[in-house]
Amino acid sequence: GQQVMQIPQYQHVQEGEDFTTYCNSSTTLSNIQWYKQRPGGHPVFLIQLVKSGEVKKQKRLTFQFGEAKKNSSLHITATQTTDVGTYFCAVQEWAGNQFYFGTGTSLTVIP
Amino acid sequence: ETGVTQSPTHLIKTRGQQVTLRCSSQSGHNTVSWYQQALGQGPQFIFQYYREEENGRGNFPPRFSGLQFPNYSSELNVNALELDDSALYLCASRKESTDTQYFGPGTRLTVL
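Each protein sequence line maps, in turn, to chains A and B.
Going by my numbering, the first sequence runs without a break in its numbering and finishes at 111.
Going by my numbering, the second sequence runs without a break in its numbering and finishes at 1112.
Simulated from the structure, these hints should not be mistaken for lab results.
All C-beta atoms, glycine included, are put in the ideal place defined by N, C-alpha and C.
Hints may be right or wrong, so weigh each one.
30 angstroms max Cα-Cα, derived DSS-like pairs, lysine-lysine [said to hold, decoys possible]:
hint, chain 1, residue 1, chain 2, residue 2
1, A, K56, A, K36
2, A, K70, A, K51
3, B, K1095, A, K59
4, B, K1095, A, K51
5, B, K1013, A, K56
6, A, K36, A, K59
7, A, K36, A, K70
8, A, K36, A, K51
9, A, K70, A, K57
10, A, K57, A, K36
11, A, K59, A, K70
12, A, K56, A, K70
13, A, K70, B, K1095
14, B, K1013, A, K57
15, A, K36, B, K1095
A few chain A positions that, by computed beta-carbon distances, are all more than 10 angstroms from chain B [stated by the list, open to error]:
hint, residue
16, K59
17, T103
18, P111
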């Protein structure tokens, strides 16, 4: 089956510092999605990347899809306490197929 | 909120019992996927239903089964419960023309 690894597993940052999580797949992907899950909550869709080398921004969040469509990153600038949660990538090998979720990166922001 | 609802919120069962979990999709969404999320792990794909037919399955044994109804609501059934089945069960719905999944709040299942 699809192998999706995320690094780091945990990240503690001081409020105001930047944060980056990386998602790596063993195969070429159709697309990749990013989700945020707050403690005790459910995954909430953030964004989908489809094109090779694509970069999308949402306020302080920047998402990038690798040129080879095998990896992706999520970067948060100047973290805030509201950014606390676990960030998951989810990948599809081809459109319409099932999603495989990564192992997640748990972000703690220290005020 | 996503418009996806799940019931019950919490459930406690004993080993060997059977359980049925329910999911009501967002209006107009004809595709639903079920996931199992163990504590501290990412969601693991169980299966997907599209227009009442299973069209994708993850690495779960046959005692995990499902149904999707004409109104696109769905059920997840688990027979012969094992301790390792304790997890958060999530359903996610989407339109066939898009890949954006909307998750429900989940059902927390505890098997004793």
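Each hint, compared with the structure:
Straight-line distance between C-alpha atoms of A:K56 and A:K36 comes to about 16 angstroms, which keeps the hinted pair within the 30 angstroms bound. Our distance criterion of 30 angstroms between C-alpha atoms is met by A:K70 and A:K51, whose separation comes to about 11 angstroms. Distance hint between B:K1095 and A:K59 is fulfilled; the C-alpha atoms sit about 27 angstroms from each other, no more than 30 angstroms. Distance check on the hinted pair: B:K1095 and A:K51 sit about 21 angstroms apart at the alpha-carbon level, within 30 angstroms; holds.
Proposed proximity of B:K1013 and A:K56 is contradicted: the alpha carbons are some 44 angstroms apart, above 30 angstroms. Taken as a hint, the A:K36 and A:K59 pair is honoured in the structure, with Cα atoms around 15 angstroms apart against an allowance of 30 angstroms. For the hint linking A:K36 to A:K70, the alpha-carbon distance of about 20 angstroms falls within 30 angstroms, and the restraint holds. Between A:K36 and A:K51 the alpha-carbon distance is near 21 angstroms, which keeps this suggested pair within the 30 angstroms criterion.
For the hint pairing A:K70 with A:K57, the CA-to-CA distance comes to about 20 angstroms; that is within 30 angstroms, so the pair holds. Under the criterion of a C-alpha separation no larger than 30 angstroms, the hint pairing A:K57 with A:K36 is consistent with the structure, at around 15 angstroms. A C-alpha spacing of about 25 angstroms is found between A:K59 and A:K70, which places the hinted pair at or below 30 angstroms, so the restraint holds. For the hint linking A:K56 to A:K70, the alpha-carbon distance of about 17 angstroms falls within 30 angstroms, and the restraint holds.
Straight-line distance between C-alpha atoms of A:K70 and B:K1095 comes to about 25 angstroms, which keeps the hinted pair within the 30 angstroms bound. A threshold of 30 angstroms between alpha carbons decides the hint, and for B:K1013 with A:K57 the separation of about 44 angstroms lies outside it, so the pair is violated. In summary, the hint linking A:K36 to B:K1095 is supported, as the alpha carbons are separated by about 21 angstroms, within the 30 angstroms threshold. At roughly 19 angstroms, the least C-beta separation between A:K59 and chain B is larger than 10 angstroms, which holds for a residue marked as non-interface.
At roughly 5 angstroms from the closest C-beta of chain B, the C-beta of A:T103 falls inside 10 angstroms, breaking its exclusion from the interface. Under the 10 angstroms C-beta cut-off, the non-interface status given to A:P111 relative to chain B holds; the minimum distance is some 24 angstroms.
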